[in-house]
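Chemist: Here is how the chains run, residue by residue.
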Amino acid sequence: MSAASAVEATAGPSAVRSRVESQPVTLPRALRSEWIKFRSLRSSWAMLGAAVLGMLLISLVVAYNTRHLTSGQDANDLASSATLQGYYLGQLLIGALGVLFVSSEFSTGMIRSTFAAVPKRIPVLWAKLAVFFAVTAAAMIPISVISFLLSQAVIGHYRTGFSLTDPGVWRIVLGTGLYLTLVGVIGGMIGWIVRSTPGSLVTYFGLVLVLPIFGELFGSAGKHVAQFLPSQAGASFTEALPESPHLAPGAGLVVLLAWVAAGIAIAAASLRRRDA
Amino acid sequence: MIQADSLTKRYGDKLAVDGLTFTVEPGIVTGFLGPNGAGKSTTMRMILGLDTPTSGTVTVNGKPFAEHLRPLAEVGALLEARAVHTGRSARNHLLAMAATAGIGVKRVDEVIGMVGLADVAGRRAGAFSLGMGQRLGIASALLADPQTLILDEPVNGLDPDGVRWIRNLLKGLAEEGRTVFLSSHLMSEMAVTADHVILVGQGRLLRDQSMADFIAEASSDVVRVRSPQAGQLADLLLASGVTVRNIAEQTLEVEGLTSDQIGVTAAGASITLLELSTQTASLEDAYMALTEDSIDYRSTLENTKDAA
Ligand SMILES: Nc1ncnc2c1ncn2[C@@H]1O[C@H](COP(=O)(O)OP(=O)(O)OP(=O)(O)O)[C@@H](O)[C@H]1O
Ligand SMILES: [Mg+2]
Chain A
1 MSAASAVEAT AGPSAVRSRV ESQPVTLPRA LRSEWIKFRS LRSSWAMLGA AVLGMLLISL
61 VVAYNTRHLT SGQDANDLAS SATLQGYYLG QLLIGALGVL FVSSEFSTGM IRSTFAAVPK
121 RIPVLWAKLA VFFAVTAAAM IPISVISFLL SQAVIGHYRT GFSLTDPGVW RIVLGTGLYL
181 TLVGVIGGMI GWIVRSTPGS LVTYFGLVLV LPIFGELFGS AGKHVAQFLP SQAGASFTEA
241 LPESPHLAPG AGLVVLLAWV AAGIAIAAAS LRRRDA
Chain B
277 MIQADSLTKR YGDKLAVDGL TFTVEPGIVT GFLGPNGAGK STTMRMILGL DTPTSGTVTV
337 NGKPFAEHLR PLAEVGALLE ARAVHTGRSA RNHLLAMAAT AGIGVKRVDE VIGMVGLADV
397 AGRRAGAFSL GMGQRLGIAS ALLADPQTLI LDEPVNGLDP DGVRWIRNLL KGLAEEGRTV
457 FLSSHLMSEM AVTADHVILV GQGRLLRDQS MADFIAEASS DVVRVRSPQA GQLADLLLAS
517 GVTVRNIAEQ TLEVEGLTSD QIGVTAAGAS ITLLELSTQT ASLEDAYMAL TEDSIDYRST
577 LENTKDAA
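Line by line, the protein sequences are chains A and B.
The opening position of the first sequence corresponds to residue 1 in my numbering, with each subsequent residue numbered one higher.
The opening position of the second sequence corresponds to residue 277 in my numbering, with each subsequent residue numbered one higher.
Worth double-checking, as some hints may not be accurate.
Unchecked claim - Covered stretches of chain B, going by a simulated chain A footprint (3 or more residues, C-beta under 8 Å):
no., region
1, 290-300
2, 319-330
3, 362-373
4, 416-429
5, 449-460
Unchecked claim - Here are the simulated distance ranges between beta carbons:
no., chain 1, residue 1, chain 2, residue 2, range
6, A, 244, B, 290, 53 to 61 Å
7, B, 382, A, 202, 40 to 48 Å
8, A, 202, B, 390, 19 to 27 Å
9, A, 28, B, 312, 41 to 49 Å
10, A, 76, B, 330, 42 to 50 Å
11, B, 435, A, 45, 30 to 38 Å
12, B, 290, A, 196, 18 to 26 Å
13, A, 275, B, 385, 27 to 35 Å
14, B, 362, A, 274, 20 to 28 Å
15, A, 71, B, 399, 53 to 61 Å
As the list claims (entries may be wrong) - Result set (DMTMM-like, lysine to aspartate or glutamate): computed pairs, CA atoms no more than 20 Å apart in a straight line:
no., chain 1, residue 1, chain 2, residue 2
16, A, 120, A, 216
17, B, 382, B, 395
18, B, 339, B, 281
19, A, 120, B, 493
20, B, 290, A, 275
21, B, 447, B, 489
22, B, 382, A, 21
23, B, 339, B, 356
24, B, 339, B, 301
If you're looking for bench data, these hints aren't it; they were derived computationally from the structure.
Fair warning: this is a prediction, and the values are worked out from it, not measured in the lab.
Note that CB positions come from ideal geometry on N, CA and C, so glycine has one too.
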């Protein structure tokens, strides 16, 4: 025992000087780490690339198919948001990207390395969120604008289309890119909460695709509730003619942001409490 | 230094770790031994704050691990389960880890070289063999040249060269004054690497002593003596601290005396000896005996063999 306390007396926390210069963990360092993680996975780029290409191709196909006015078209086919329909596919890919960015750390065990390096954990959540948000917004907002411009250029050869300066068009085009980014963030938060990749994907698709359909089954009461779901709240500012009843565009964005905030809060609580 | 105080972890109704209190001192290699399911990995995860104890506390250099500002420089850990994304290259994995501590590319390439992964560092970690994965885990543990190393079965899957390398590396790090804590269920490996043993079974502490004491206690030599005058010899040898067992006709097993002492005593009394031999109990036997009562997962093969 005396030998032990002698060691204790001399061995402070920095008894041995490390030969390697290292810095305290900060949010910017956690961010750098998450950016390295994001960019070093081929699957990240594959999914992001598929979402970008999907948006672009679908906008051109829709533009080509609706280049002539025919009697079979309804108002939706001719609305300013019609050629941005690729976001239906986009939200699946971007959501899966958000889910996987988090859940794959749990499925591979990487999360234990991550938490051993950043044991306070919460900086990891913010860093992942920020990296995901920045990368997705940087890809999806421009591709929404480009898809809109190219598709309207195609339409413009045959008939009068829309321009960015038409009423509500900027909101719809930027809103589409923002919506995709935000639902991806929700996917990421589901990843933190559910952890398993299949479970997270099922939860995400259930929330974004299945619940809105479910709402329809309950008549007008169901539809009133459904307008507060992320996808319907998003539609209020990404679609020129959203289904009724629907929220005002500003209110829709607020509701979607509330989903994101709730997701972050639950994810943070789960992250703090549960074993890794 | 790692200090655990009444550390307890319950998973559902399984008590994985049951009131462990121990100290892992700097400057030596401490081995953490126990049969499968004894709670070694669980204890190590609790030290790193990955699992929250059901009760009790554990600190690293006086603070819970999560409160250290430079966690990677404080503790380098190799966890039993692979803790690497399978889709990322080894080098990118290390770069991502290093970035949290502001450690640069130079050091990353240095540890890659140290663990002998230079040729494959650009390959997906998912394609690594067990030993290569283990080397990557060791590289990540060494990244920030930490004060404390916590390694869960580091030699698992390593080739003999790798085993010797890690053994010497750990001894060297301990000599510099670092805390080195490694788990294993291989007594033989521990005997040559560790200076101190913490032995657990079913989550409970069985032994916490220096390796020298453990070996001395474990391998208490037994001397076998065969003599026509066995009864007479037994009477002469019996003294305090000496046990004599009559194991067969004319044959004694003596514990507590050396063969020299027995030979001299016998000659003094003109007793004829037909056999005088030292039987060394192996460390492995002693370890088995100690943990016998606390084995969760026992092979049923032995029983079948007996029946056959
Ligand atoms: N996450 C968990 N959930 C439920 N039970 C667990 C969990 N982790 C460990 N256990 C149980 O706790 C006990 C101790 O497991 P642990 O992995 O700590 O043992 P170990 O000493 O490391 O064994 P080994 O030598 O096989 O690696 C085992 O019975 C195990 O089944
Ligand atoms: Mg284990």
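Chemist: Evaluate each hint against the coordinates.
Modeler: Comparing the hints with the structure gives:
no.	hint	verdict
1	290-300	violated (count 1)
2	319-330	holds (count 6)
3	362-373	holds (count 9)
4	416-429	holds (count 6)
5	449-460	holds (count 3)
6	A:244 / B:290: 53 to 61 Å	holds (55 Å)
7	B:382 / A:202: 40 to 48 Å	holds (44 Å)
8	A:202 / B:390: 19 to 27 Å	violated (43 Å)
9	A:28 / B:312: 41 to 49 Å	holds (43 Å)
10	A:76 / B:330: 42 to 50 Å	violated (57 Å)
11	B:435 / A:45: 30 to 38 Å	holds (36 Å)
12	B:290 / A:196: 18 to 26 Å	holds (21 Å)
13	A:275 / B:385: 27 to 35 Å	holds (34 Å)
14	B:362 / A:274: 20 to 28 Å	holds (23 Å)
15	A:71 / B:399: 53 to 61 Å	holds (60 Å)
16	A:120 / A:216	violated (43 Å)
17	B:382 / B:395	holds (16 Å)
18	B:339 / B:281	holds (13 Å)
19	A:120 / B:493	violated (43 Å)
20	B:290 / A:275	holds (16 Å)
21	B:447 / B:489	holds (19 Å)
22	B:382 / A:21	holds (11 Å)
23	B:339 / B:356	violated (24 Å)
24	B:339 / B:301	holds (15 Å)
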